[in-house]
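J.: Each residue of the sequence shown is one higher than the one before, starting from 2 at the first, in my numbering.
Errors might be hidden in some of the hints.
Below, computed lysine to aspartate or glutamate pairings styled on EDC-like, alpha-carbon distance capped at 20 Å [stated by the list, open to error]:
| no. | residue 1 | residue 2 |
| --- | --- | --- |
| 1 | 251 | 274 |
| 2 | 286 | 243 |
| 3 | 216 | 228 |
| 4 | 99 | 119 |
| 5 | 122 | 150 |
| 6 | 87 | 98 |
| 7 | 240 | 278 |
| 8 | 251 | 285 |
| 9 | 286 | 124 |
| 10 | 87 | 221 |
| 11 | 122 | 138 |
| 12 | 210 | 243 |
| 13 | 216 | 85 |
| 14 | 240 | 213 |
| 15 | 207 | 228 |
Using C-beta positions, here's what the derived DEER-type ranges look like [what the hints assert, rightly or not]:
| no. | residue 1 | residue 2 | range |
| --- | --- | --- | --- |
| 16 | 211 | 243 | 29 to 39 Å |
| 17 | 111 | 160 | 17 to 27 Å |
| 18 | 81 | 175 | 15 to 25 Å |
| 19 | 277 | 111 | 28 to 38 Å |
| 20 | 142 | 285 | 19 to 29 Å |
| 21 | 142 | 191 | 14 to 24 Å |
| 22 | 238 | 81 | 33 to 43 Å |
| 23 | 169 | 204 | 32 to 42 Å |
| 24 | 287 | 165 | 41 to 51 Å |
| 25 | 277 | 257 | 19 to 29 Å |
| 26 | 135 | 191 | 40 to 50 Å |
| 27 | 250 | 165 | 30 to 40 Å |
Since the hints were derived computationally from the structure, they do not count as laboratory data.
Backbone N, C-alpha and C fix where the C-beta goes; we use that ideal spot for every residue, glycine too.
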Amino acid sequence: MIYGLMEVEKPKMNKKKIVIVVSIAVAIIALICATIFYFVKFHGKSVGENNTIEKDSLAVAPKEMKQKQKHEAVVNFLPIYSQEAKVRLNNIYHSGEKAVYLTFDDGPSKTVTPLILDVLKQENVKATFFLLGSRVELNPSIVKREYQEGHYIANHGYSHVYPQIYSSIEAILDEYNKTRQAIQNAIGLEYDGHLFRFPGGSTGGKYKKIKEESKQVLEENQIGYIDWNALTNDSAGAKTKEALMENMIKTVGEKTTVVILMHDAGDKILTYEVLPEMIAYLREKGYVFKNFYDIME
Numbered sequence: 002m003i004y005g006l007m008e009v010e011k012p013k014m015n016k017k018k019i020v021i022v023v024s025i026a027v028a029i030i031a032l033i034c035a036t037i038f039y040f041v042k043f044h045g046k047s048v049g050e051n052n053t054i055e056k057d058s059l060a061v062a063p064k065e066m067k068q069k070q071k072h073e074a075v076v077n078f079l080p081i082y083s084q085e086a087k088v089r090l091n092n093i094y095h096s097g098e099k100a101v102y103l104t105f106d107d108g109p110s111k112t113v114t115p116l117i118l119d120v121l122k123q124e125n126v127k128a129t130f131f132l133l134g135s136r137v138e139l140n141p142s143i144v145k146r147e148y149q150e151g152h153y154i155a156n157h158g159y160s161h162v163y164p165q166i167y168s169s170i171e172a173i174l175d176e177y178n179k180t181r182q183a184i185q186n187a188i189g190l191e192y193d194g195h196l197f198r199f200p201g202g203s204t205g206g207k208y209k210k211i212k213e214e215s216k217q218v219l220e221e222n223q224i225g226y227i228d229w230n231a232l233t234n235d236s237a238g239a240k241t242k243e244a245l246m247e248n249m250i251k252t253v254g255e256k257t258t259v260v261i262l263m264h265d266a267g268d269k270i271l272t273y274e275v276l277p278e279m280i281a282y283l284r285e286k287g288y289v290f291k292n293f294y295d296i297m298e
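Sequences and hints are given; from them, build the entire structure.
T.: Quick look at the structure:
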């Protein structure tokens with residue numbers, strides 16, 4: 002009889018254990034749910050922001066995404082002045098492609114260059130900066146940002162003092178090399194853009210003869226040069242955004258390939274202010290934005 006009673010009560014003991022286990026499981030699940038609710042309630046904004054970033058990335062048009070990935074890949078890429086690059090540079094205006102190169106001289110500056118970089122980043126446009134070595138030494142972090150964001154770093158000499166830079170062929174080469182070293186120090190790489198823009202342009206003027214004589218020496222040192230075929234006159238008298246825009250539209254005209262001269266020195270705030278409008282106009286006209294990585298591949 003006793004054995005019979007034990008056999009009858011044994012299932013009741015198992016049932017009690019089951020109830021206890023289930024109760025513990027429910028408590029754990031409730032704790033987990035409460036934790037998740039707390040996180041979502043108090044950190045939902047951060048989660049939303051992350052989701053927005055991911056959606057924005059997916060919303061980029063395939064063509065623009067491809068261009069973005071291309072220029073992200075050029076970080077730590079060192080330009081090469083090959084024979085093919087020389088041919089492309091010499092024939093830049095005869096490629097048959099509707100392309101525009103935005104170029105900025107005389108920087109970097111603390112006041113204007115970062116603002117221009119912000120616009121270029123927002124518009125997903127890569128430009129080319131012709132830097133002055135003396136200003137590179139003052140603003141190395143800005144130069145590094147230019148490089149890291151996929152813009153092409155080119156050379157505009159060190160001093161921009163005409164009598165000094167054009168005193169001899171050796172002086173021109175020395176100014177190039179001094180600026181190249183300053184750029185390398187700023188970027189932290191053995192970088193050479195192999196591209197020079199003569200202050201005042203490569204032709205004409207008081208120093209025409211020395212400029213012409215120096216071109217062969219530059220070539221022997223694997224240094225190409227480029228001028229421009231359109232400009233805003235932001236350093237030659239234009240005083241309003243409307244004037245800058247008008248000059249750009251007039252000089253671009255119906256050209257197929259365009260190299261636009263602008264400046265990012267500290268007093269060129271109008272260049273920053275008109276830049277979004279310029280980019281919108283050029284896009285509407287069907288131009289593809291390029292920089293000199295597309296030449297010095």
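J.: If a hint holds in the structure, say so; if it doesn't, say that too.
T.: Now for the hints, and whether the structure bears them out:
Restraint check for residue 251 and residue 274: the C-alpha separation of about 19 Å stays at or below 20 Å, so the hint holds. Distance restraint check for residue 286 and residue 243: the Cα-Cα separation of roughly 18 Å lies within the 20 Å cut-off, and the hinted pair is therefore satisfied. With a C-alpha separation of about 13 Å, the suggested pairing of residue 216 with residue 228 holds against the 20 Å cut-off. With a CA separation close to 25 Å, the supplied pair residue 99 and residue 119 exceeds the 20 Å bound.
Restraint check: the Cα-Cα separation between residue 122 and residue 150 comes to about 8 Å, which is no more than 20 Å; the hinted pair holds. At roughly 18 Å between alpha-carbon atoms, residue 87 and residue 98 fall within 20 Å of each other, so this suggested pair holds. Distance hint between residue 240 and residue 278 is fulfilled; the C-alpha atoms sit about 16 Å from each other, no more than 20 Å. Distance restraint check for residue 251 and residue 285: the Cα-Cα separation of roughly 16 Å lies within the 20 Å cut-off, and the hinted pair is therefore satisfied.
The hinted pair formed by residue 286 and residue 124 meets the criterion: a straight-line CA distance of about 16 Å does not exceed 20 Å. Between the alpha carbons of residue 87 and residue 221 the distance comes to roughly 12 Å, so the proposed pair stays at or under 20 Å and holds. Annotation: proposed proximity of residue 122 to residue 138 is violated, straight-line Cα distance about 24 Å (limit 20 Å). Distance check on the hinted pair: residue 210 and residue 243 sit about 37 Å apart at the alpha-carbon level, beyond 20 Å; violated.
Only pairs whose Cα atoms come within 20 Å are accepted, and residue 216 paired with residue 85 is accepted, the gap being roughly 18 Å. A C-alpha spacing of about 33 Å is found between residue 240 and residue 213, which places the hinted pair above 20 Å, so the restraint is violated. Pair hint residue 207 plus residue 228 holds up; C-alpha atoms about 17 Å apart against a cutoff of 20 Å. The beta-carbon spacing between residue 211 and residue 243, approximately 38 Å, falls within the hinted interval of 29 to 39 Å.
Range check, residue 111 to residue 160: Cβ separation about 19 Å, and the 17 to 27 Å hint holds. One distance hint, 15 to 25 Å for the beta-carbon pair residue 81 and residue 175, holds here, with the actual separation near 23 Å. For residue 277 and residue 111, the hinted distance range of 28 to 38 Å is not satisfied, since their beta carbons lie about 21 Å from each other. Between residue 142 and residue 285 the beta carbons are some 35 Å apart, a value that contradicts the proposed interval 19 to 29 Å.
Look at residue 142 against residue 191: about 19 Å separates their beta carbons, and that is inside 14 to 24 Å. The hinted window of 33 to 43 Å between residue 238 and residue 81 holds, with their beta carbons roughly 39 Å apart. Taken as a hint, the range 32 to 42 Å is violated for the pair residue 169 and residue 204, whose Cβ atoms sit roughly 19 Å apart. Range check, residue 287 to residue 165: about 43 Å between beta-carbon atoms, so the 41 to 51 Å window is met.
Our hint of 19 to 29 Å for residue 277 and residue 257 holds, since their Cβ atoms are close to 24 Å apart. Between residue 135 and residue 191 the C-beta distance comes to about 21 Å, which lies outside the given range of 40 to 50 Å. Distance hint check: the CB atoms of residue 250 and residue 165 are about 36 Å apart, consistent with the given range 30 to 40 Å.
When each numbered hint is compared with the structure, violations occur for hints 4, 11, 12, 14, 19, 20, 23, 26.
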